[in-house]
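K.L.:
Below are the chains, spelled out letter by letter.
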Amino acid sequence: MPIRLKEADVVIVGLGAAGGVAALPLAQAGLDVVGLEAGTWLTKRDFAPDELRNNFRGWPQSVQKTNHEIPTHRPDASSPMSPRVAIHPMMNAVGGTTLHYWAQSWRLNPWDFKVVSETTRRYGAARIPKGSTVEDWPFGIEELEPYYDKVEYEIGVSGAAGNVGGNIDRRGNIFEGARRRGYPMPPLRGSGFTDLMAAAGRTLGWHPFPGPAAINSQRYQNRSVCMYHGYCNRGGCHVDAKSSTAVTTIPKAQATGRLKVVTRAHVTSLDVNEGNARVSGVSYVTDGAEYFQPAKVVLLASYTYENVRLLLLSKSRPFPRGLSNNHGQVGRHYFSHAQTAGITALFPWNTNSWYGLPAQGVAIDDWADDNFDHASVEFIGGGNLWVYSDRRPIVAAGMTTFGKTTKSWGSEWKAFVSQNADRTNTSYLQKTTLPYEDNYLDLDPEVRDPLGFPVCRITADYKDNERKLAAFIQNKMEQWYRTAGAVAIEHGPLGSMGPTTHAYGGTRMGDNPETNVVDRWGLSHEASNLGVLGASVMGTSGARNPTLTAQALAWRTAEHLARNFDAIANRRA
Amino acid sequence: MTVFISRRELLKRAGLAGAVAAVAPAFAAGDEAAGAQTTAAAVGPAARDPIANLTAAESDILEAIAARLIPTDANGPGASEARAVHYIDRALGGALASSRPTYQAGLNALDQYARSTRGRPFAALSAAEQDGVLIDVESGTATGFPGGSAEFFNLVRTHTIQGTFCDPFYGGNANFVGWDMIGYPGVRTIVTPDEQRLGADVPSNHKSAYDYDMFTK
Chain P
1 MPIRLKEADV VIVGLGAAGG VAALPLAQAG LDVVGLEAGT WLTKRDFAPD
51 ELRNNFRGWP QSVQKTNHEI PTHRPDASSP MSPRVAIHPM MNAVGGTTLH
101 YWAQSWRLNP WDFKVVSETT RRYGAARIPK GSTVEDWPFG IEELEPYYDK
151 VEYEIGVSGA AGNVGGNIDR RGNIFEGARR RGYPMPPLRG SGFTDLMAAA
201 GRTLGWHPFP GPAAINSQRY QNRSVCMYHG YCNRGGCHVD AKSSTAVTTI
251 PKAQATGRLK VVTRAHVTSL DVNEGNARVS GVSYVTDGAE YFQPAKVVLL
301 ASYTYENVRL LLLSKSRPFP RGLSNNHGQV GRHYFSHAQT AGITALFPWN
351 TNSWYGLPAQ GVAIDDWADD NFDHASVEFI GGGNLWVYSD RRPIVAAGMT
401 TFGKTTKSWG SEWKAFVSQN ADRTNTSYLQ KTTLPYEDNY LDLDPEVRDP
451 LGFPVCRITA DYKDNERKLA AFIQNKMEQW YRTAGAVAIE HGPLGSMGPT
501 THAYGGTRMG DNPETNVVDR WGLSHEASNL GVLGASVMGT SGARNPTLTA
551 QALAWRTAEH LARNFDAIAN RRA
Chain H
1 MTVFISRREL LKRAGLAGAV AAVAPAFAAG DEAAGAQTTA AAVGPAARDP
51 IANLTAAESD ILEAIAARLI PTDANGPGAS EARAVHYIDR ALGGALASSR
101 PTYQAGLNAL DQYARSTRGR PFAALSAAEQ DGVLIDVESG TATGFPGGSA
151 EFFNLVRTHT IQGTFCDPFY GGNANFVGWD MIGYPGVRTI VTPDEQRLGA
201 DVPSNHKSAY DYDMFTK
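The listed protein sequences correspond, in order, to chains P and H.
In terms of the working numbering, the first sequence has 482 at position 482, counting the first letter as 1, and numbering is strictly consecutive.
In terms of the working numbering, the second sequence has 114 at position 114, counting the first letter as 1, and numbering is strictly consecutive.
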């Protein structure tokens, strides 16, 4: 029999970006919280500036769980499977992928919460793309603003505010929703190159600004300032300047004495009391021993793919198709951010981008969301243009040659790369991506993980709206680079919708249980003492990184749970 | 409680998971060994690095290929001086172990192709003849490669670039010749605003990540 542990008030499955935040308000409210984490603690000594290890070898020093569970992908139900990627974009550790993410910490814009109603109001209902299952969020940005604020100050975010209480400030993003106050830290500094790009953006009449980052621009809460050393892209921070939950909310929650962190806990199922259709706890395996951790409430906070997979694997008599899936919505409304289709520019001078970090950059939001008139274009939404300082030697040597030489090896190629390795820049163009009826997650019928469980299968492809939007945004980016002096440009492909760090939906949040897995508080419509955290609850992507929104939602769910704990823990199904 | 598979089955599989988890440190140890080798070997131009995973014949062919991919020429040292093959050889016993059979089959096929089309082993051909063979292999027209010659070419090119431009800890980029080739000024743990200015002259420090004692290898 599995070893049955003492019952906890709340079990959190996964101590990453979302679970690591949720632990704090729960522990501070005096609840007994157990955090189950598949990985282990890593420290600054583990974060060597090592491109091969961090960017090519899938973090060999971390517990290899996600790399053994990489989702499969096919563009649609009648297509063959795509080649399986070798490395999972996420990792296992206390703090999860916040250890090595780029740490861009955006709030969504107001439009992202009301895509359906605002598009209908401004352009007519016919402009919602055919086949899309997009819905308005159950609330507007005003509801989430206090939680964005809490997280920004709790973990530490650097940035320039563009809208404090309705007062527009051109040093920040003039398109952002009203915030109650500025960021806790000023923005990260620019590099010579990003400053030049900002100036070029202004000559176009656009509104460049430094983007927000969960990285210290100055000493914050006894943690160091950023060293700009250049290995932040899938690298952990050697001075703890990156505001990972491993160095912010998790240790703070532990200090209350109410959070127990269990590492190397490989969760295999969420279990159900069949008598009342409520979640009874979590089963996990550590080093070959099986445990059952009973809990009054379970918060599932692994990652979009694993959240969906664990729910689908957790079958029981009340939930024969998987936990909280009696309406068939688990895995539905899946979408992954169109982050591909970048632009790479060649300049006739060195950009000096060997150091810096992906969050040290300049953004243009003029072409994102509904920040411009869409009457004359054939898509809704838009893209955020992002230019940053980041280069490492192996990737630099593998650069495109812009057709200047047809060779990819030999003396001619070598001469080109020697001269131009520091003369390129590739933008990061995050674009609105919508959910569609035929894009979804389920369990792969053939591929299994080392424990024998099916891995997650992605069935998804970009549609017309994403393709037209991508071409539009690429042209804007090309215009910006050319204004700054670029002499050659390459357009990257939109590519396919394989596994990604920006995976949304699958357990969408909304008032209607027919089309959503969790309610407006992030609690299951079907199993009332189960909550789901992470971008899997988000119904729209916006044109920016999801982490801060996932964290604000996690704090909000945790605070709601703490305030109503007795009712939620004892509610009849 | 909910049971998806039998408990006995689960425990059996959990044992397997433990075995898989134990592989990762073994990879790391392989890399450390490679690092130790590099430090010792970097003292001077050794006649030949000890080979760990390739055969001597395979190593000769691979050396000849790498020397054409990133040649030593008027622009300075190339993959040979960087000891890119030393990197690949070490990695084939660790992180790149899954590519070992592909190297065995591919290098053999390439040498056979050189003999059958140019009349001599690849390493014995002139530079121009070697380039001719490599163009065939790159374009996918060379015969005898189990997984296709273009796929093999891409694999070797990818690993030769890794071996030339990686951190010297891994046994390539010897004496920082790869980083000097593209102007990367070396690993720093603090970078000043002035060092990020356009036109800044940042001197190369020839430092590996693991020259800083603070990092766990």
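Check the hints yourself; a few may be wrong.
[Claimed, not checked] Residues on chain P that point at chain H, a partial pick, calculated with CB under 7 angstroms:
id : residue
1  : A48
2  : R121
3  : P393
[Unchecked claim] Here are some chain P residues pointing at chain H (derived, C-beta under 7 angstroms):
id : residue
4  : P49
5  : D50
6  : R57
7  : V262
8  : W354
9  : A397
10 : E412
11 : A415
12 : F416
13 : F472
Bear in mind the hints are in silico, worked out from the structure with no lab data behind them.
All figures in this text were calculated on a predicted structure; none of them were measured in a lab.
Where is the CB? At the ideal position from N, CA and C, for every residue including glycine.
K.L.:
Taking each numbered hint in turn, which are not upheld by the structure, reported in ascending numerical order?
P.N.:
2, 7, 10, 12 and 13
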